[in-house]
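> Line by line, the protein sequences give chains D and F.
For the first sequence, the UniProt record's numbering begins at 1 and goes up steadily by one.
For the second sequence, the UniProt record's numbering begins at 1 and goes up steadily by one.
No lab work stands behind these hints: they were computed from the structure.
Just so you know, even glycine gets a beta-carbon here, dropped at the ideal spot from N, CA and C.
Be aware that a few hints might be false.
[Unchecked claim] Some chain F residues close to chain D (C-beta under 10 Å, calculated; not the full set): (1) P65; (2) E71; (3) V76; (4) K78; (5) P98; (6) R114; (7) W116; (8) A176; (9) G179; (10) T185; (11) M192; (12) R198; (13) Y205; (14) E207; (15) Q209.
Number of protein chains: 2
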Amino acid sequence: MNDAASSPASSFTPKIEFWFDFGSNYSYLSVMRIEALAAAHGVRIGWRPFLLGPVFRDLGFDNSPFVLQKEKGAYVWKDMERQCRKYGIALTRPTTFPRAALLAMRVALLGADRPWIAAYCRKIMQLNFADDRDIGSIEVVSEALDELGLPARQIIADAQSDANKLRLREQTAAAAAKGIFGAPTFFVGEEMFWGNDRLDDALEYGESQRAARPA
Amino acid sequence: MNDAASSPASSFTPKIEFWFDFGSNYSYLSVMRIEALAAAHGVRIGWRPFLLGPVFRDLGFDNSPFVLQKEKGAYVWKDMERQCRKYGIALTRPTTFPRAALLAMRVALLGADRPWIAAYCRKIMQLNFADDRDIGSIEVVSEALDELGLPARQIIADAQSDANKLRLREQTAAAAAKGIFGAPTFFVGEEMFWGNDRLDDALEYGESQRAARPA
Chain D
1 MNDAASSPAS SFTPKIEFWF DFGSNYSYLS VMRIEALAAA HGVRIGWRPF
51 LLGPVFRDLG FDNSPFVLQK EKGAYVWKDM ERQCRKYGIA LTRPTTFPRA
101 ALLAMRVALL GADRPWIAAY CRKIMQLNFA DDRDIGSIEV VSEALDELGL
151 PARQIIADAQ SDANKLRLRE QTAAAAAKGI FGAPTFFVGE EMFWGNDRLD
201 DALEYGESQR AARPA
Chain F
1 MNDAASSPAS SFTPKIEFWF DFGSNYSYLS VMRIEALAAA HGVRIGWRPF
51 LLGPVFRDLG FDNSPFVLQK EKGAYVWKDM ERQCRKYGIA LTRPTTFPRA
101 ALLAMRVALL GADRPWIAAY CRKIMQLNFA DDRDIGSIEV VSEALDELGL
151 PARQIIADAQ SDANKLRLRE QTAAAAAKGI FGAPTFFVGE EMFWGNDRLD
201 DALEYGESQR AARPA
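Sequences are here, hints too, so could you generate the full structure?
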């Protein structure tokens, strides 16, 4: 549909990089919201799963701040209840938090550029934060892929390849190198936005980049 | 104007408690915004200055997380630039951060129920975050009060009374007892909202309380 030669302006679609972890509760809100919002703003999504645990450890924290600080932890679930109500998103406080989801994350990395990535991420997040299922298990990841009509066995085998495992470690190191200290984090070009509360600002900034670009 | 006997519904004005510290950058945003927003929502403000430093120390932090975590600290000033632009609020990154402002805080406590509290808080915040002045000094606090046409010498003497000093320590202990772990924090009844990002939600909740109250 686009013709770069005759309409250079319309051929540029701004991109938002979406750095997230399935264990992160505020990433849940963004995973559920981002596809529709980004489409409304005419912004592409670059899905960037990374492991928040090693990033926290590099910063000197051996767990989520929502676990390490009990006052903040108590507040966060109140805030999540209100935020989920506001956005019309289901919430059941997970009995395990934060949930490690290494295989689910490896599958997300494998699928980051495939058409099923958004639906897959929503499915995994719903299983964790609405259904309180163990998204760290191979059974639950398989079930999620099955429900999306995807070849679960093949995808899981590919996700567990040494090359893909290494890529996830590299992507996590890249997150730290970019100055990421929490999730979700968004980048539009060099501009960093932290937290679901900044998703709309990040998308507005992305949209403004398209307008700002010379034709 | 109100007649509680003949119009009980209109005599109830919901209140938002606003817990803040002049050294806190996100408190700056709320101090500059809250009076107009609260009026628009028909919500009264209970001004609750407290000392964030002792609260952080009780939680095991010997400084602001924006100082202790350099990645977060670097981000926060980018975020502040964008937020201030969005709200039309001036910003000069203070050369000292966080600024201790004990006297200014004691004056805020003294004035919490006086008609000048909102204007005084905005003035001190502007001096810190827009003019990069040392709000910890008696000269700057005097200047702020002078500019508001207030009796600076008397107010400062009252603020430094033993009784008022004790009250600020007690209010700080009360903040910790309420589960406050950062600033700004808002309470509407028992509902706690943390951060300038939740000011609008807190006010909407406050407004809904008026509507919900039986006439």
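> Using Cβ atoms only, decide whether G179 (chain F) comes closer than 10 Å to chain D, and label the hint accordingly.
holds (5 Å)
> For the hint on R198 (chain F), just tell me whether its beta-carbon gets within less than 10 Å of chain D.
With a closest approach of 8 Å, the R198 (chain F) hint holds.
> Is the interface hint satisfied for E71 (chain F)? The criterion is a beta-carbon contact with chain D at less than 10 Å.
holds (4 Å)
> Tell me if the interface restraint on W116 (chain F) is satisfied: Cβ within less than 10 Å of some Cβ in chain D.
violated (32 Å)
> Would you settle whether the hint for Q209 (chain F) is holds or violated, based on the nearest Cβ-Cβ distance to chain D being less than 10 Å?
violated (14 Å)
> Interface hint check: Y205 (chain F), Cβ to nearest Cβ on chain D, cutoff 10 Å. Holds or violated?
holds (8 Å)
> With a cut-off of 10 Å on the beta carbons, see whether E207 (chain F) makes it to chain D.
violated (15 Å)
> Would you settle whether the hint for M192 (chain F) is holds or violated, based on the nearest Cβ-Cβ distance to chain D being less than 10 Å?
Interface hint status for M192 (chain F): holds (6 Å vs cutoff 10 Å).
> Mind checking the CB of K78 (chain F) against every CB in chain D and telling me if the closest is under 10 Å?
holds (7 Å)
> Can A176 (chain F) be said to touch chain D, with a Cβ gap under 10 Å?
With a minimum Cβ separation of about 8 Å from chain D (threshold 10 Å), the hint on A176 (chain F) holds.
> Quick check on the hint: P98 (chain F) CB to chain D CB, less than 10 Å?
violated (19 Å)
> Report holds or violated for the interface hint on V76 (chain F), using the least CB-CB distance to chain D and a cut-off of 10 Å.
Since chain D brings a Cβ to about 9 Å from V76 (chain F), closer than 10 Å, the hint holds.
Hint violations for this structure: numbers 5, 6, 7, 14 and 15, all remaining hints satisfied.
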